Amino acid sequence: MLRIAAIEFLNAAPLMAGLERDPRFTLRHTLPSACADALRDGSADLGVIPAIELARASEAEGGLLGLGGIGVASRDGAGAEAEVRSILLISPRPPSEARTLALDRASRTSAALAQILLRRRFGAECTTVAGDADWRKGLERADAVLLIGDPALRLRVRGGAEGLHVYDLARVWREWTGLPFVFALWGVRQAALAPHQAWLPQRLQQALREGWQNRRELAQQWAPRLDLPEAEVLRYLEENVAYHLTPAHMAGLRRFLALAAEEGLVGSPELPPLIEAVTA
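This note's numbering numbers the first residue of the sequence shown as 1 and each following residue consecutively.
Careful: at least some of the hints might be erroneous.
As the list claims (entries may be wrong) - In the DMTMM-like style, the derived pairs of lysine to aspartate or glutamate whose C-alpha atoms are separated by at most 25 Å in a straight line are:
#1 Lys137 to Asp227
#2 Lys137 to Glu125
#3 Lys137 to Glu8
#4 Lys137 to Glu97
#5 Lys137 to Asp150
#6 Lys137 to Glu162
Hints in this document: simulated from the structure, not taken from any laboratory.
In this text, all values refer to a predicted model and were calculated from it rather than measured experimentally.
Could you build all of it, start to finish, from the sequences and the hints given here?
Encoded structure:
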């Protein structure tokens, strides 16, 4: 039985469709940052992990392999079409004036993205501090906070940050670089993959196909869990998140990792080998 470290946020739900009913897998839901740690310490065999962690894994012994072609990304559009609505930078002042940034504990890739955009796009000279479960408390000790995942989506839908500067970081990245952004990909431990390589990549592709076909059912399931209107949950899946990675997405990922290396946030901008599954 293969152990999956599964992201507990809505954005990864279509990638996991049906896997919990497949006797070949057992799922443990956790935060994106913890998914990467579970693969690194061997308590999980595969998981959807922050994109930056694949680059970090390539620097370590016995690293990971990534599954190409699918992941969690922003859509390749301009303006509002580039917004992901669940990766937010919030500040009472213009971002160029930020000197401290409170990081969301669930994040690794978005944490790096926020630092890159603050320093390179907005020209801020900022350091980072640990965030708080309540983003408002984070603003008591930092000039800006990063908020990701379902809490960010709820804030975007319901409101609650009136009078503050709120930036959708996927949109800021797209307007700055002209490229979409990749937040997470499937990572698989090499030792776990070897006995299953003949079927595992195709099975993960199949899960996404099933998840996308059943996205209305997913919206029905997740709406009460998030206390959001079903229409907003469905809109998020259909209009804000991309799951099939295009050449533009991979160019965006390479650009991000190059900048992360320049900022000292990752040692090498190189990804480990990506497994390409043949799709039906």
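Checklist entry - Is Lys137 within 25 Å of Glu8, Cα to Cα? => result Since the Cα atoms of Lys137 and Glu8 sit roughly 23 Å apart, the hinted pair holds (cutoff 25 Å).
Checklist entry - Going straight from one Cα to the other, do Lys137 and Glu97 come out at no more than 25 Å? => result Distance of about 19 Å is within 25 Å: holds.
Next on the checklist: Between the alpha carbons of Lys137 and Asp150, is the straight-line distance 25 Å or under?
Outcome noted: Within the cut-off at roughly 18 Å; holds.
Next on the checklist: Does Asp227 sit within 25 Å of Lys137, going by the straight-line distance between their CA atoms?
Outcome noted: 22 Å, holds
Checklist entry - Quick one, are Lys137 and Glu125 close enough, alpha carbons at most 25 Å? => result 22 Å, holds
Checklist entry - CA of Lys137 to CA of Glu162, is that 25 Å or under? => result 16 Å, holds
Violation of the numbered hints given earlier is absent; every hint is satisfied by the structure.
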